[in-house]
Amino acid sequence: MNRRFVTALASLLCALMLGHGAYAVQPDEVLRDPALEHRARLLSEELRCMVCQNQSIDESDAELARDLRVLVRERLVAGDSDSQVLDYIVSRYGEFVLLKPRLNLRNALLWGAPVILLLCGGAFMIGAARKKRGSEVGALTAEEKHRLDAILRKDA
Amino acid sequence: MVEIGHFALVLAFALALVQSIVPLAGARTGNELLMAVGGPVAIAGFALTALSFLVLTLAYVQSDFSVANVWENSHSLKPMLFKITGTWGNHEGSMLLWILILTFFGCLVAMFGGNLPATLRANVLAVQGWIGAAFFLFVLATSNPFARLVPAPIEGRDLNPILQDVGLAIHPPLLYLGYVGFSVCFSFAVAALIEGKIDAAWARWVRPWTLAAWVFLTGGIAMGSYWAYYELGWGGFWFWDPVENASFMPWLAGTALLHSAIVMEKRSALKIWTLLLAILTFSLSLLGTFLVRSGVLTSVHAFATDPSRGIFILCILILFIGGSLALFALRAGSLASGGMFQPISREGALVLNNLFLTTATATVLIGTLYPLVLEAISGDKISVGAPFFNLTFGALMVPLLVVVPFGPLLAWKRGDIYGAAQRLMTAFAAALLAVLVTMVFIDGASVFASLGIGLGFWLIVGALVDLALKSGVGNVAAGVAFRRFRGLPRSMFGTALAHLGVGLTVLGVVGVVSFETEKILAMQPGETVEISGYTLRFDGLHPFQGPNFTEDRGRFELLDEDGSVSAQIISSKRFYPARQMPTTEAGIKTMGFSQLYISLGDETPDGVVVRLWWKPMVTLIWLGALVMMVGGTVSLTDRRLRVGAPSRRARQGADKTRPATI
Amino acid sequence: MVFWFFAALLTLGASLAVLLPLANRPKSLAAGSSHDIEVYRDQLAELDRDALRGLIRPEDAEQAKTEIARRIIRAGGEEPLASTQSWALAGRGLGAVAVLAVPLISWGLYAVIGSPDLPSQSLQERLAQNPSDSSVDDLIARAEGHLAENPEDGRGWDVLAPIYLRLGRFDEAATAYRNATRLQGSTAIRAAGLGEALTNAGSGVVSADAQLAFEQALVLDKDQPKAKFYLATALVQDGKSAEAIKAWEAMLTDLPDNSPWREPVSQALAENTSRVTASSTDTGTPSPTTDNIDAAAAMAPADRNSMIETMVAGLDEKLRQNPSDPEGWMRLMRSYVVLGRAGEARAALDRGLAALGATSDDGRKFAEFAATLGLSATE
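Quick mapping for you: the protein sequence lines, in order, are chains A, B and C. Residues in the first sequence are numbered from 1354 upward in steps of one, following the numbering used here. Residues in the second sequence are numbered from 9 upward in steps of one, following the numbering used here. Residues in the third sequence are numbered from 1487 upward in steps of one, following the numbering used here.
Next up, chain A with everything else stripped away, as it sits in the complex (with noise of 0.2 Å):
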């Protein structure tokens, strides 16, 4: 079995699971408290399934996305942050967990690249009005207004 293979057999898997009846969130998994229950959801969009392609650990029903939930969920009833929960399960997992990358100097150019476009097409585009604007058209001479008649009725 190549590796190949491997890869697009996990993936089926994931998605036969998807497939299949237990979606993501059990009931047993969610918290008492409403609001702390609401902020683990946003979190769990935020992380990523690791075995799955590219679902949040909120959509996928796999094991470990289910113990990641949880594991979001212990640390918020422990009084942890937003912020610390992620910090605390992107030092177990890696940076491969976040789906949004942080902004540090290796995904700069991802997180710049918007920016940086839009910037640089919006000086261009100012630039180039400039260089027009001072060019009027000036009205037709007689002599290019006789020929403009000569070419529209030859060709009528």
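Because the hints were derived from the structure by calculation, they are not lab data. All values derive from a computational prediction rather than experimental measurement. Backbone N, C-alpha and C fix where the C-beta goes; we use that ideal spot for every residue, glycine too. Please note that a few of the clues may not be correct.
Once the Cα atoms are required to be at most 25 Å apart in a straight line, the calculated PhoX-like pairs of lysine-lysine come out as [stated by the list, open to error]:
1. C/Lys1708 - C/Lys1732
2. C/Lys1804 - C/Lys1851
3. A/Lys1498 - C/Lys1551
4. C/Lys1712 - C/Lys1804
5. C/Lys1732 - C/Lys1804
6. C/Lys1551 - B/Lys205
For the chain A half of the interface with chain C, some residues (derived, Cβ under 7 Å), not all of them [to be verified]:
7. Leu1493
8. Glu1497
9. Arg1500
10. Leu1501
11. Ile1504
If you want the footprint, here are the derived chain B segments under chain C, 3+ residues with CB under 8 Å [stated by the list, open to error]:
12. 34-43
13. 411-424
Mind docking chains B and C on chain A? Use the hints.
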């Protein structure tokens, strides 16, 4: 019979080679005979590809398992509909469909391109021929759908129930019609670069193709989104999955192209930029094909282990994108620039639209590829998912959407932004009202959510105000206004409808993202649950035997205030024994534009796990897409797009309206 | 033949698509600029309309018209496209090459990758062939197709079941036997077949279901060899090798000389006799089987205990499903005594007596056996 299909495919490849060389040589040397070869060859190539595709479909219908592709992807007990749609439900078949659509567009250019200048037509057909030849070769060399098996197995291998769905069956052809439709724009762009000049009519010829492709792509994306919504069972409608992004990027770039082509067509300005966009849009379509077909998305390593197909598409990608961009760099400078305009003008608004749309395209592209590139370079693995895209894409879209209603109200060349703002007062008042109503009457509505609703109304009312103003409502008598309204060019209706559709989609997205409610609980038969003012009673699980599956049907009754049953909703868990595969069928009840969405989980000692959602205004998301498609189609029928041929009739028509003032 | 005919026809058509345009007389092309002028003309007209609607200010419209006018003048000055004579010959050469390339490339490439001699094989046609020409696979497919349409055809299931069994498709064989039994009634052969299918599906372990099927077969035909054979195998599984050997020996004496069962029986007999003597275990000793004991001896004590527990629990469960087994009850009770779980041993005694009937022969024997272990019924 099967071998006839195989042979037709090989023959079509040979014709594609002829098509890619002969007309081009004719155009370079001014040889009309050689140029004229392009048309018939393109038509014959399409006929042969269609024959080949038909033969493959027939093999599916007849369950001819001597064809390896049929054996791997079909089963004699599949329902007939899914035997047919199974033809393109796999890699080889879908690539054949891709080529079929490509040759179809080539054939259309050949048949309806009579009003094109001969050299341009020859060059366009030649470029179509290059793309065709490359993909024919790809299919024949790495993904031949006609590979045979001896001896033939007696039964096929696939009955995958998840793929047996009408939505999923129509989705790929629509998507491909969009993807591949942009190939015509690409061919026109490259043909213009080869000639070194852009005809005045270039944009008029390109715009209908762009519009058609855009309409199909919009439909394809919307359909895929709705399929995921009802089939995957948790009611998400967009996941920023790389596969989705692959189809979304050409859509964004295509939308930009659609707008910049207007400027080019009306004012002969933005030529170079439009050309570049045409190239980029199809390049993104190719990139999408590469991403989905090569397996590179699963993992960079997966791609490296079985690279033949991936490498092949990568080569096609580099050849076409690199080649066309190099040609662009070489020739773009020689293209004359066009008419003048002030920054505040219709043209300026369209340029602004392009700035935001292309930046958004680039953002999605970088977000999709960044993890792959980073892993390939440094081995570090990071994830870029929905939260990233929602933030960055959202931040780019909001300013764009805010200025959308201004665009059609600004005059060409030099606009009056204060005048436009004054005329938009109605729309602004409507949006403000929507914001206030949302904040006051809906519990827990955040400021952002209310503003989002306001944005939706701003777009919708703005589009209507545009039409009303153009027909002179308020300035002239109602009868006159109505006559003027009917006399408006189709393209104006198209614009208004498409913008209105965007507004509807915005409303749907904001509604479901901000005001969705969810309940997760274990329910015993007879228990009731309340969600967003609706009371549902769980009636228990009832076993049901389907044709090729068994099913546990959870019956829910929607109760009125007096406790009587007003509707039944069935949500079920299916099991397909042939594949040992469970699926879920969500129970969906549409009320107005909103939906109740129920899906079943496992049975636990406390009862069955039930997840309930109230999804307010969710159907507007797809309804908006539908309205956009209608807008595009209406625009496509505008007479202006058919002008450009020196034909007798067109000349007479032009004479009548010919200005006497010059 | 048909294929070659069509292939030749298609090739001819494709070549003509290249040839015919080349054979035309060259027409004079419209001047390169006439298309452009047409568009400019329309743009001028459109400007007037736009100005009327207020989409552009009059003075800007005037500007735009001037821009367009200049373009028209520029376009009007262009010369119509002329064919370069010097290339005419090369063009004709290229045309000839193109016409030839179509058949050459297509036939050449197809010769490499195609299989022209392989006919289509639609499933329906394959099934409609004369049965004597068909392979076993074809026949099965035909039968499956028939049964998919007529699932109530018991005879069909009856025919298909043993074929599945021989092909190693045990789950399907079990389904087929069950369907045949449901539709045609129970016979010793069907019951034994079902048992065999279930046993093989469970990779050789005689499950409770299988045992039930074999017992059913023996009720219908007390000499059914397959059922006897597998029931003896089940005895080995339960650790009663001695009884199994006895059963097989009895089979050997009863079976006719030409019976196909003689060989498997003697083989099983040979294997088990040697094993029993080698381990020299008291054949009366209840489960676990000798193999299991060997395995257990090598285990850590905790693991060993859990293994024994599992086996006892399994036996208990089996007796719940199939309580008319005096031997089983004795073994269960004894196991509990050995494990020191007196309460459960007593419960097993009570349950066994209830199942076997306290007054029946088996019941009395069971009670006596209990007494030797120091147990008596609670009643």
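Structure-based check of each hint:
For the proposed pair C/Lys1708 and C/Lys1732, the alpha carbon gap of about 17 Å is at most 25 Å, so the pair holds. Proximity of C/Lys1804 to C/Lys1851 is assessed by CA-CA distance (about 21 Å); at most 25 Å being required, the pair is judged to hold. Our distance criterion of 25 Å between C-alpha atoms is met by A/Lys1498 and C/Lys1551, whose separation comes to about 12 Å. Note on C/Lys1712 and C/Lys1804: the hinted pairing holds, with a Cα-Cα distance of about 22 Å set against a maximum of 25 Å.
For the suggested pair C/Lys1732 and C/Lys1804, the alpha carbons sit about 23 Å apart, so the restraint of at most 25 Å is met. With a C-alpha separation of about 22 Å, the suggested pair C/Lys1551 and B/Lys205 falls inside the 25 Å cut-off, and the hint holds. Taking 7 Å as the C-beta contact cut-off toward chain C, the hint placing A/Leu1493 at the interface holds, the least distance being around 6 Å. Satisfaction of the interface hint for A/Glu1497 is found here, the shortest Cβ-Cβ separation to chain C being roughly 6 Å, below the 7 Å cut-off.
Taking 7 Å as the C-beta contact cut-off toward chain C, the hint placing A/Arg1500 at the interface holds, the least distance being around 5 Å. The restraint placing A/Leu1501 at the interface with chain C holds, with a minimum CB-CB distance near 5 Å, inside the 7 Å limit. Interface hint status for A/Ile1504: upheld, as the beta-carbon distance to the closest one in chain C is roughly 4 Å, under 7 Å. Interface restraint, the region 34-43 of chain B with chain C: holds (7 residues with C-beta to C-beta distance below 8 Å; minimum three).
Interface restraint, the region 411-424 of chain B with chain C: holds (4 residues with C-beta to C-beta distance below 8 Å; minimum three).
The structure meets every hint from the earlier list without exception.
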